[in-house]
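Protein chains in written order, with our numbering: chain A, 1 to 116; chain B, 1 to 116; chain C, 1 to 116.
No wet-lab data here; the hints were simulated from the structure.
Treat the numbers as computed from the prediction; the structure is a model and nothing was measured.
Do not rely on the hints blindly, as some may be mistaken.
For lysine-lysine, the following DSS-like pairs were computed, each having C-alpha atoms within a straight-line distance of at most 27 Å [unchecked claim]:
hint: 1; chain 1: B; residue 1: Lys-99; chain 2: A; residue 2: Lys-79
hint: 2; chain 1: A; residue 1: Lys-41; chain 2: B; residue 2: Lys-99
hint: 3; chain 1: C; residue 1: Lys-5; chain 2: A; residue 2: Lys-99
hint: 4; chain 1: B; residue 1: Lys-58; chain 2: C; residue 2: Lys-5
hint: 5; chain 1: B; residue 1: Lys-5; chain 2: A; residue 2: Lys-99
hint: 6; chain 1: C; residue 1: Lys-41; chain 2: B; residue 2: Lys-41
hint: 7; chain 1: B; residue 1: Lys-5; chain 2: C; residue 2: Lys-5
hint: 8; chain 1: C; residue 1: Lys-79; chain 2: A; residue 2: Lys-99
hint: 9; chain 1: B; residue 1: Lys-5; chain 2: A; residue 2: Lys-58
hint: 10; chain 1: C; residue 1: Lys-58; chain 2: A; residue 2: Lys-5
hint: 11; chain 1: A; residue 1: Lys-5; chain 2: C; residue 2: Lys-79
hint: 12; chain 1: C; residue 1: Lys-41; chain 2: A; residue 2: Lys-99
hint: 13; chain 1: B; residue 1: Lys-79; chain 2: C; residue 2: Lys-5
hint: 14; chain 1: A; residue 1: Lys-5; chain 2: C; residue 2: Lys-5
hint: 15; chain 1: A; residue 1: Lys-79; chain 2: B; residue 2: Lys-5
hint: 16; chain 1: C; residue 1: Lys-99; chain 2: B; residue 2: Lys-99
Residues per chain are reported as follows:
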Amino acid sequence: MSDIKRIGAGARMSEAVAYNGIVWLAGQVGNPGDSVEEQTKTCLAEVDRILAEAGTDKTRILSAQIWLADISTFGEMNKVWDSWVPAGNTPARATGEAKLATPDYLVEVIVTAALR
Amino acid sequence: MSDIKRIGAGARMSEAVAYNGIVWLAGQVGNPGDSVEEQTKTCLAEVDRILAEAGTDKTRILSAQIWLADISTFGEMNKVWDSWVPAGNTPARATGEAKLATPDYLVEVIVTAALR
Amino acid sequence: MSDIKRIGAGARMSEAVAYNGIVWLAGQVGNPGDSVEEQTKTCLAEVDRILAEAGTDKTRILSAQIWLADISTFGEMNKVWDSWVPAGNTPARATGEAKLATPDYLVEVIVTAALR
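Please model the complete structure; the sequences and the hints are all you need to start from.
The structure is reproduced here in structure tokens:
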């Protein structure tokens, strides 16, 4: 199984799994207690960090799902997203409301990206 | 990065992103104010349009997620879905309830398809 | 279209669709009336069965989404998940709350895996 490369493989999940030129990231969250803007910044920074570990970056994201614990924070999340996402290289995206693992998590971002 | 092909690349997201023989579509929605049946028809027509632009079609859909703002409309959505999805070439599918970007959106369809 | 292989192709969806070395599974659910632990066991057994039919197994899962009808059952689901998922070969994972097709379904698991 040397063809599948797992990054940050824990007992429950891996941070990311690469195969066939594509990397699937685990859903990234921010820090409990922070605002939705802060949590969005934190989880997008985590995305950047994990993509770098996989040998790629945010200009190569293929698709993203964004789950908000409260969809009324759509605008706050988007403000952070819009300033982070690379112009000309935006992914396919879908955003919906879903309560997350604990009530303290306000946003989760799930990304699939192309390797280099 | 000429290997990744983005369709309808906007500042926030692309309509679709193709790579490695696969195309990921952004979540498609219908028109605010319309019934869930009408919105399902509209977003599946958008899927058809974007798949055509990517050079493929609905007989090559690999997976689909359907998000309904109100899961009690499962039957209404399915009536439209069942008449649209090509016999013998149905995708892997999952359907769940998720409130969408605005309360006027009743259904969102997220599709991944094979290119030709 | 012989390059796409559909498993359990029904009128509405396929159980799984394989293409380009990857297989996408439909969302798997358990049996109505069962506890969330039992339903998790049942749907993970279905994942095992379908992966076997595709010619692969749970050591090659790339990503998983878990939808819980009630996120407060996160711990019960995880107890079953943690004993099922193969050490050293865990997928990228995301878990959120989403009501499912009927109120009797408590958990749905959506898996993407690498073929052999």
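Okay, the hints, checked on the actual structure:
1. B:Lys-99 - A:Lys-79: It holds: about 20 Å lies between the C-alpha atoms, which stays within 27 Å.
2. A:Lys-41 - B:Lys-99: Given that 27 Å is the threshold and the Cα spacing comes to 23 Å, the pair holds.
3. C:Lys-5 - A:Lys-99: Since the Cα atoms of C:Lys-5 and A:Lys-99 sit roughly 35 Å apart, the hinted pair is violated (cutoff 27 Å).
4. B:Lys-58 - C:Lys-5: Within the cut-off at roughly 15 Å; holds.
5. B:Lys-5 - A:Lys-99: With a Cα-Cα distance of about 33 Å, the restraint between B:Lys-5 and A:Lys-99 is violated, given a limit of 27 Å.
6. C:Lys-41 - B:Lys-41: Roughly 36 Å separates the two Cα atoms, so the pair is violated.
7. B:Lys-5 - C:Lys-5: 25 Å, holds
8. C:Lys-79 - A:Lys-99: Status holds; Cα separation ~20 Å.
9. B:Lys-5 - A:Lys-58: Roughly 15 Å separates the two Cα atoms, so the pair holds.
10. C:Lys-58 - A:Lys-5: Holds. C:Lys-58 to A:Lys-5 sits at ~15 Å (cutoff 27 Å).
11. A:Lys-5 - C:Lys-79: 25 Å, holds
12. C:Lys-41 - A:Lys-99: 23 Å, holds
13. B:Lys-79 - C:Lys-5: Given that 27 Å is the threshold and the Cα spacing comes to 25 Å, the pair holds.
14. A:Lys-5 - C:Lys-5: Status holds; Cα separation ~25 Å.
15. A:Lys-79 - B:Lys-5: Roughly 25 Å between the alpha carbons, so the hint for A:Lys-79 and B:Lys-5 holds.
16. C:Lys-99 - B:Lys-99: Given pair C:Lys-99, B:Lys-99 holds - Cα atoms ~11 Å apart, limit 27 Å.
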